[in-house]
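Protein chains: 2
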Amino acid sequence: MNEKIKVGIVGYGNIGRGAELAVLQSEDMELVGVFTRRDPSSVKTVTPGIKVYSLSDAASMKDKVDVMILCSGSATDLPEMGPELAAMFNTVDSFDTHARIPEYFAAMDKAAKESGKLALISIGWDPGLFSLNRLYGEAFLPQGSHYTFWGCGVSQGHSDALRRIPGVKNAIQYTVPVESAMEAVRSGSEPELTTREKHTRECYVVAEEGADKAEIERQIKTMPNYFSDYDTTVTFITEEELKRDHSKMPHGGFVIRTGKTNHGANSHVMEFSLKLDSNAEFTASVLVSYARAIARLAKKGETGARTIFDIAPALLSTKSPEELRASLL
Amino acid sequence: MNEKIKVGIVGYGNIGRGAELAVLQSEDMELVGVFTRRDPSSVKTVTPGIKVYSLSDAASMKDKVDVMILCSGSATDLPEMGPELAAMFNTVDSFDTHARIPEYFAAMDKAAKESGKLALISIGWDPGLFSLNRLYGEAFLPQGSHYTFWGCGVSQGHSDALRRIPGVKNAIQYTVPVESAMEAVRSGSEPELTTREKHTRECYVVAEEGADKAEIERQIKTMPNYFSDYDTTVTFITEEELKRDHSKMPHGGFVIRTGKTNHGANSHVMEFSLKLDSNAEFTASVLVSYARAIARLAKKGETGARTIFDIAPALLSTKSPEELRASLL
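Going line by line, the protein sequences match chains W and S.
Going by the numbering used here, 325 is the number at position 293 of the first sequence; the sequence numbering is gapless.
Going by the numbering used here, 153 is the number at position 121 of the second sequence; the sequence numbering is gapless.
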């Protein structure tokens, strides 16, 4: 029997909680504990009895953790904490600011090479599984185009933007892919689609008492970057309706590749989709599988930064290569 | 500029022809030629000017080919030719007799280890991309079930079975997934589905003049293994209709994984699907991408047999790791 992979979780928001659940259901893993910048005594874990450490004590646990799963935010936390932690631990994170990936990769690669550790960045579903499917599509159908649609799902950033509008008490925003645009893509016609043609935005808003709803709606629909380029609907609801009907955080989406072979004679469609009740829990499950892969590669002595593109699929599975060939191939 | 990957194609049926097209559109590859057991002068390649060699001359080309793509049949050809070729070349094949994969893997592994070459087996879409998606699904949603549906597409084996019935002049068989079964799967209810509930079989039959059509239909519908466990429809058509409406070889299918997180509180659906105008050309395109991966791994000195589970996605792409991170992640 192999030794269990000792996993630590840094950050305890929705993804950290999901990672706790996923590690505990993995028979080949042992959860060392949760590491937080908050007062550890203030953190109540989902599962009773999980140890909570101060992040400032992490250095003393260097030899007790095989992989740290970094469940912190991409905007400000990971760019700073990531390299610090990669200097001590093998890490897996879900850094998702697409435009800053090259820069973050370089910082993590430097830190991990110096420490002799591995740092796997940008794991989840986008970036993550969707990226993988974009790569597979381009590799197998080089004469073609790929399209990514998101939703139906909650966008945190857009929900936050709604809540910053004066008179808005609470709000949630759903990104919805336009079915007719997806059908056009699946037809293989490789359409050029504008932002407006690909997604609509549905806003459910709780207004403060006496607020000017028409003005709120106007501000939403004209907000640059967030809403003005989309067909946006605004529905005012009560706080009770928000709690009752909109408390889950579903998400998902589609990566569609269409392409041709034989000098254009034959068309092909590859499609990958996700429909998730809980964005955070699924993302965490993906992180935990990739933590398994990183623990295995670290044992072989590999160092430096990696992305999902570098990880052979077999490393994600608890099954042996023989079992995989016999049962899943 | 890197040297081009020198590729040979063994076997020149539909997949071999598709591989020729895919290699020629890959800028990083050079097609050395086609190797055949037939008289080379009798083989007319799709693209004029492709060299055709006798397979018996392959040994003399050992140093002129980086990867051989084996486009021969799984029933009798590959079990014999595969190990012989792996004793001389790096190989990629589409061995697809699921039940015999462990045995074939062992034979290829032995041959390739002895020759210091790499042998990648069972590449295509099932086994192949569908296998990958079964693995990903199981890894990310360990509490769940996966389902594979095939079609709508032409089954060669079933079409051959129809043609062996007395009085049948020509015939084609489509495997069709049952939409209501797929919807039940997508609901996350993890239904137990019988063979009959998952797929129907549609047969288009050209009868010989004066043949007893009722008897043909009875023989089809009661044929064990092939049709008796399915809801099968038989439609008699003319030879002209067969040629006009059924000359393409489309195929495709769906791998659906559903699973739960948070002790069953949240459901998730992962779905991968293919819709292919030409089964053979798409399969060949996948083989060619994996030939690229094998050429790269062989350069690193790896030897022995591999499956799709062992290949890191980045190896499939013509893009550099930096380009991949910037453009697809």
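Everything labelled a hint here was simulated from the structure, so no lab data went into it.
One or more of the hints may lead you astray.
Copies of the same chain are indistinguishable here, so a pair counts whether it falls within one copy or spans any two.
In the DSBU-like style, the derived pairs of lysine-lysine whose C-alpha atoms are separated by at most 30 Å in a straight line are [unchecked claim]:
hint, residue 1, residue 2
1, K292, K76
2, K230, K351
3, K230, K245
4, K280, K145
5, K292, K94
6, K83, K292
Quick caveat, the model's predicted, so the values are computed rather than measured.
Item to check | Hints that the structure is at odds with (numbers, increasing) | outcome: 4 and 5
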